[in-house]
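**Q** Chains as they are written, first to last, in this note's numbering: chain A, 30 to 295; chain B, 4 to 265.
Note that these hints are calculated values from the structure, not bench results.
Since this is a predicted model, take the numbers as computed values, not measurements.
By construction, the Cβ of each residue, glycine as well, lies at the ideal position given by its N, Cα and C atoms.
Don't take every hint at face value.
Stated by the list, open to error - Computed Cβ-Cβ distance ranges for the label pairs, DEER-style: (1) A219/A - D65/B: 25 to 35 Å; (2) T128/A - H66/B: 41 to 51 Å; (3) T128/A - V182/B: 13 to 23 Å; (4) A206/A - V191/B: 51 to 61 Å; (5) Q67/A - L244/B: 44 to 54 Å; (6) A206/A - Q188/B: 22 to 32 Å; (7) A219/A - N179/B: 21 to 31 Å; (8) L44/B - Q67/A: 52 to 62 Å; (9) D65/B - L215/A: 48 to 58 Å; (10) D65/B - L154/A: 54 to 64 Å; (11) G264/A - A143/B: 50 to 60 Å; (12) V191/B - L211/A: 13 to 23 Å.
This is what each chain is made of:
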Amino acid sequence: MSAVRQVAAPHAPGTITRSGVGYWLASLRAMIRFDLGQARQWAGMMLLFQTLMGAGMAVMYGFFYPKISHSTALYITTGTPTLALVPLGFALVPLNVATERIQGTFDFIWSLPVPRSAQAAATFLLFTLLSLPGAVLALVVASWRYGVALSVSPLIVPGAVLCALMAISVGYGMALAISNPLLVNLITNALIFVVLLFSPVVFPASHFPGWLLAADRALPFYNMAEVIRAGLTRGLVTDLGTCYLILLAWTAVGWALTAWVVGRRK
Amino acid sequence: MTELATSVTATGVRAGAGYWLDSYRALTRWHLAGLRMWLMLLTVVQVLAGAGFVLGIALFFDHIPATAALYVCTGVPVVNLMIVGLILGPQLVAEQKLQQSYEFVRSLPVPRTAAAAAWYTVCLLAGLPAVTVSLLIAEARYGISFSLSPAIVPAVALTAFTGTMMGYALSHAVPNPMVTQLVTQLLVFVVFGFSAILFPAGQLPAWLASLNWWFPFEHMAVIVRAGLTAGLATGIASSYLIVAGWGIAGAAASAWALGRRG
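The shape of chain A in the complex, shown without the other chains (with noise of 0.2 Å):
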């Protein structure tokens, strides 16, 4: 709230112009020290549960094989940073969306004067950046676990930043454009089963049959999987560009079902 009135204090009343790239820019650093003042309250146990959740998946899937061999270790380790981004993205991202809806949160920063756009950039560039490190000690407990020695390459930067960006956006447009918080959470928890048991996140694609490799390829838990082993491993992706491509790609959809739904009026 103060952070919003700072922005506006500077002009004169009556010069204010709510436009322009410096204006768009300050609201957006407004917008992002008031997300932050929100994030406070759940950002650690947000951390907590991404880092249980994914350590935990990665443990847990090493129970099913009677031997683990170096590559299903291998697969499972850079997999883990995969799946902490995704209950983050499209669980934890929609529920909050809810729990906003819910409590008014969500009319309120809409009725704030600043560009809507800025305020979803906020959310993205915040959630980005706290979605990071829970992914980092996730895949730190799995290689200890599994004892894998990964070749990180400078690839990994890009790659986790998309991935968590495009988690996010999709996870947000999802839940502006779905009103109905039950559906949302349906869809969600679907939406999890099938990345942990149908996507080729910690397996490789080849124990997969064609349909339904084809139909991962064109969601985007397989691309993240693969954007992500690569900036992790050598040699063992092939189809970087296509995967690149894809969440590029879903991002898109993720921003434009959010373009629509805020520049909508009620």
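Keeping the supplied structure of chain A fixed, place chain B upon it in accordance with the hints.
**A** Leaving out everything else, chain B in the frame of chain A:
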């Protein structure tokens, strides 16, 4: 409810086997009617999740070993059986507490044991369709031919009983509904990933395997597996004892919690 009302006004005696049976019947019907939407949705979700797990496990492997398939296919029914009583039941009661309808249900003039028995019946009924479908899909997908023995009946009944009673204790002995919800969510993790239900205990680290021995989940899988296959399960007698022990402990904790005034 009407049956209950007539029996009470006609005789005025709120005791005896007849009254107990009337109460049991009335409350079972009450649950089935009140939860009909929830139960239908639950059955669909359980069937889909069970089928998904049975089919999805094949994707973990290049060629799924026969033992791995057998363990998952005989483990999924166990999860189906106990998840209603152990996880969803307490969540339902936690919701009732938050919505403040819990006190009303407790104030109904039915014996506590009849109420518990009615809830057990509902949980058992809710689990059975998914059990059947999971087993049929397993048979079709992996060509496993189960050798059903009569032991399956007590195994299924006891597994559902212990799951329900543990959940019952969790619902009634833990006063704060938020704690109940947190514990049940944690239990989902424990049951699916860290208990030797869907895979042999030998695949767990030694310390976790020995910890598992003290909990009922692995033993539920042992007794159900003994009823479905020949020669796979060992130590069946001790497993029955441990599962029954947890069931009785759950019932005792519930009785203590429900018997208190307050």
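**Q** If a hint holds in the structure, say so; if it does not, say that too.
**A** Each hint, compared with the structure:
Take A219/A and D65/B: their Cβ atoms lie about 27 Å apart, and the range 25 to 35 Å holds. For T128/A and H66/B, the Cβ-Cβ distance of about 45 Å falls inside the hinted range of 41 to 51 Å, so the restraint holds. Taking 13 to 23 Å as the suggested C-beta distance range, the pair T128/A and V182/B conforms, at roughly 20 Å. The hinted range of 51 to 61 Å is not satisfied by A206/A and V191/B, whose Cβ atoms lie roughly 29 Å apart.
Distance hint check for Q67/A and L244/B: the Cβ-Cβ separation is about 52 Å, which falls inside the suggested range of 44 to 54 Å. Taking the beta carbon of each, A206/A and Q188/B are about 27 Å apart, inside 22 to 32 Å as hinted. Range check, A219/A to N179/B: Cβ separation about 30 Å, and the 21 to 31 Å hint holds. Checking the proposed 52 to 62 Å range against L44/B and Q67/A shows it is violated: the Cβ atoms sit about 33 Å from each other.
Distance hint check for D65/B and L215/A: the Cβ-Cβ separation is about 33 Å, which falls outside the suggested range of 48 to 58 Å. The hint said 54 to 64 Å for the Cβ distance between D65/B and L154/A, and at roughly 41 Å that hint is violated. The supplied range of 50 to 60 Å is broken by G264/A and A143/B, whose beta-carbon atoms lie about 39 Å from each other. Look at V191/B against L211/A: about 20 Å separates their beta carbons, and that is inside 13 to 23 Å.
Consistency note: the structure conflicts with the earlier hints numbered 4, 8, 9, 10 and 11.
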